[in-house]
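Enquirer: Letter by letter, the chains look like this.
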Amino acid sequence: MKERTYTVLVGGKAGEGVKKAAQVIAGVFCSRGLHACQADDYQSLIKGGHNFSVVTAGAAEIECVHQKWDLLICFDQRSVDEHLARLKTDGSIYYNSDEATCERGFGLPMNALMKKHYQGPANVSMAAIAIFAAVMRMSKDMLKELIKRQYKRDVSENITYAYDIYNLITSHTDLLDWDATPLGYRFLSGNQAIILGAWKAGLDMYYGYPMTPASSLLHYAALKQDSLGIQAIHAESELAAVNMALGSALAGCRVAVGSSGGGFALMQEAFSAAGMVEAPLLCVLSSRPGPATGVSTYTAQEDLWFSLFQGHGEFNRIVASPDSISRALSLSAELLSLSWEFQVPSILLTEKQLSEGLIDLRHSSHPLPEAEPQTGIPGKDYKRYQDNLKGVSPLLFPGSQFAPETVIKWSTHEHLESGLRTDKADEIVLMKDKRQKKAAGISSACSKFETFAEYGEGERLIFAYGSTVLELREALKFSALKFKIVAPVYLEPFPLGLEKYRGASAIVVEHSSSGQFAQFLKWKLDIMATTVIKKYDGRPFDPEELSELIREASHA
Amino acid sequence: MRDLNTPKTNTWCPGCGNFGILNSFKNSIVRLVETGINVDDIVITCGIGCHGKIFDYLNLSGMYCLHGRALATAQGIKLANPDLKVICFGGDGDSLGEGLEHTLFAAKRNLDVTLILHNNGTYGLTTGQFSPLSQKGYQGLSTPKGSIETPFRPIPLLLEAGATFLARAYSARPEQLCATIVNAVLHKGFSFVEVLQPCVSYNNSYQHYNRIVKELETIPEKPDQALKLATDQDSVFLGVFYQEHKPVFHEELYQNRNPFRDRIPASHRTLP
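As they're listed, the protein sequences go chains A and B. Sequential numbering of the first sequence, starting at 3, is according to our numbering. Sequential numbering of the second sequence, starting at 110, is according to our numbering.
Source of the hints: derived by calculation from the structure; they are not laboratory data. Predicted model, so just to flag it, every value in this text is computed and none were measured. A couple of the hints might just be wrong.
Stated by the list, open to error - Listed next, the in silico DSS-like pairs over lysine-lysine satisfying Cα-Cα at most 25 angstroms (straight line):
1. 90(A) to 15(A)
2. 117(A) to 90(A)
3. 297(B) to 385(A)
4. 426(A) to 323(B)
5. 382(A) to 117(B)
6. 90(A) to 154(A)
7. 135(B) to 385(A)
8. 323(B) to 135(B)
9. 484(A) to 502(A)
10. 426(A) to 436(A)
11. 142(A) to 21(A)
12. 117(B) to 217(B)
13. 117(A) to 15(A)
14. 382(A) to 194(B)
15. 385(A) to 450(A)
16. 117(A) to 70(A)
17. 526(A) to 486(A)
18. 450(A) to 536(A)
19. 194(B) to 385(A)
20. 434(A) to 117(B)
21. 436(A) to 392(A)
22. 226(A) to 22(A)
23. 355(B) to 337(B)
24. 436(A) to 217(B)
25. 436(A) to 502(A)
26. 355(B) to 297(B)
27. 135(B) to 382(A)
Claimed, not checked - Partial chain A-side listing against chain B, Cβ under 10 angstroms, derived:
28. 157
29. 226
30. 239
31. 257
32. 279
33. 377
34. 412
35. 432
36. 544
Claimed, not checked - What follows is a set of in silico ranges between Cβ atoms, one per label pair, in the way DEER data are often shown:
37. 506(A) to 374(B): 23 to 31 angstroms
38. 332(B) to 295(A): 50 to 58 angstroms
39. 334(B) to 292(A): 49 to 57 angstroms
40. 114(B) to 501(A): 21 to 29 angstroms
Cβ coordinates follow ideal geometry from the N, Cα and C atoms, glycine included.
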């Protein structure tokens, strides 16, 4: 399996354990030394409908899932109908013959066998695990151990059901080496990586309100509250979440908030407040198609301008978007640390595709920064907004233990160095200039990090950002033509290192209908977009199809 | 004792009820310090409106917050460092209009902060529009024919939401107001003090309140008694209507931990 990849799709109804089954399958690939990634497609409903999860594995690193299946496992007719067309000619389909018919592949009586084995609620996803195990020539003992490890309920019923399915499979492949010792692996989603990266840099508290695809930030922080020592608060609204976060920052805790576009819109005023009170605040904006409620469970890059211009009034902010899940981890740490160094809000802009995508994350020895403030001397002379050369005032936190005899006043109103409000002309200018002075420092501090990435060699340029970069990197594996992908990671301040491309011609790829990113590149770098490849149906690109679009664009 | 005054010029209208609140509050701080609380551990927040100016007249730490969000921010401060005594000032627009959700949820959580509601029954600083506590028929720039809404009844509202200390005071009865604030701050749990605050420019209620207020002699034992007294039509009662002791949010959440004081050091933050 050196060059090739292997893609599995599991499809069924919401509530049937599709996502979990795919995660178990991906874990098996990783434990055998392969790279894997997973994407889950689901609808905004809890039971029924149609869910499917795709896992692509390979010996080389995989950036995103492929859209042609080697192994297709369907629990119902809709899964067959939706996905059969993309089954490779040498691929295999296994379907639930009690619910579906299909002109190709193998029908298995999944429902009838469930009735035989389960007393209470049955678990059809066990059939997917068993089919996969049998196809891959996993031994029955290993299958048993896998089920015991991954599914804590109904262990004996799960095993006998899985065995019955396993015994029906007669076609096998030799992709996996079962003699080698299994490897440890970390299979993480983008949102999990974001929480872990921020935590590594010092995150103490996370505030949120559920909104797909940002909810799993809150869920993961809540799940890990004991082991990481982090507080996860589900507030009454996004307004509450972000204003509570401002309070916690005032008291000294490293805080983050997150939402998708709608919830983030509700946080606008407080984002502006963070600019005024000079609060170190990390915000995660995980996009889905908009406007308004939009499309809840799909991906988009419609919020670039929204993030760049978040909040009313003029103030410094940092905006950056990770081009991989490993970057999500490091970028989250970088942004929290920059927010604290400069007492400004920052936005980690990402999309459903990356937030909820899963990948095997290899350990990196790259050190991550810590979120530490410029501290001051407690006492009567302390001024919260003291002016200085860099515009970054010393930060102290209230409490007799931490800042005795010190008055620390934050204000959303324009203020004096003391934090008392003012509306005098010269004092307004003084404080606006103080805040503006941070810009130079922010720009040079960002340059310590990898502010943009380049992938591939070639004269021809393709610009993309965020999870679109993953799709492109995978697409170029199918391309005979050579390209260089240029991916800005930091968007505000814009990377100085990209000046070398000023005025260049390039293909631009983005998940937006208006071409925001191409406009942004025109503004920042005078990039001449020869073609803007746009996709705005909420779905990720199929890497193979994207490579074809690029081929067409490069001949245009 | 720290001088609680600031160099800020006071811009409330002469005769404003807020002066009574400011002076009584300063005296409350002196008394709280006498009970052993360190003044450096007292943090205040406020919203936007006439009431919010109190932030600048008090030499105490805290945040001058967004309109409606002062109580959300107060909760965030308390949750990050529960050793702090957090006191939030709110106007009727702030606490029961724009920010009603935070008021109800702070009570629901029994979050250990104090809300002092400056009830002037009007939007003073934006030139006298009707507020969530204005009487039916109130005429302002946005309701020239009179407000057609019935005002909230803050004490029943917050009793139902879960507040564990509910009191009413009057800005022109400084001693009762001062004592009430002290007791509210010392109460462990969400404490709410509604302060009747005449607005001399748009809702001058001094004569009405002077005639009708009456101090409660004892704290009612049961919630239904509290409700009856809080909504009495003949007298506006002042005093503590209800107090009970229930678990507070931060202790339920993380027991004796203090997220700021006990921050996990960088050396212990090893990625799993």
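Enquirer: Taking the hints in turn, state whether each one holds.
Expert: The hints, checked one at a time:
no.	hint	verdict
1	90(A) to 15(A)	holds, 23 angstroms
2	117(A) to 90(A)	violated, 32 angstroms
3	297(B) to 385(A)	violated, 32 angstroms
4	426(A) to 323(B)	violated, 44 angstroms
5	382(A) to 117(B)	holds, 17 angstroms
6	90(A) to 154(A)	violated, 35 angstroms
7	135(B) to 385(A)	holds, 22 angstroms
8	323(B) to 135(B)	holds, 24 angstroms
9	484(A) to 502(A)	holds, 20 angstroms
10	426(A) to 436(A)	holds, 16 angstroms
11	142(A) to 21(A)	holds, 23 angstroms
12	117(B) to 217(B)	violated, 36 angstroms
13	117(A) to 15(A)	holds, 18 angstroms
14	382(A) to 194(B)	holds, 20 angstroms
15	385(A) to 450(A)	violated, 30 angstroms
16	117(A) to 70(A)	violated, 33 angstroms
17	526(A) to 486(A)	holds, 19 angstroms
18	450(A) to 536(A)	violated, 32 angstroms
19	194(B) to 385(A)	holds, 22 angstroms
20	434(A) to 117(B)	holds, 21 angstroms
21	436(A) to 392(A)	holds, 8 angstroms
22	226(A) to 22(A)	holds, 19 angstroms
23	355(B) to 337(B)	holds, 23 angstroms
24	436(A) to 217(B)	violated, 41 angstroms
25	436(A) to 502(A)	violated, 31 angstroms
26	355(B) to 297(B)	holds, 8 angstroms
27	135(B) to 382(A)	holds, 19 angstroms
28	157	violated, 26 angstroms
29	226	holds, 8 angstroms
30	239	holds, 6 angstroms
31	257	holds, 8 angstroms
32	279	holds, 7 angstroms
33	377	violated, 14 angstroms
34	412	holds, 4 angstroms
35	432	violated, 17 angstroms
36	544	violated, 33 angstroms
37	506(A) to 374(B): 23 to 31 angstroms	violated, 46 angstroms
38	332(B) to 295(A): 50 to 58 angstroms	violated, 40 angstroms
39	334(B) to 292(A): 49 to 57 angstroms	holds, 52 angstroms
40	114(B) to 501(A): 21 to 29 angstroms	violated, 54 angstroms
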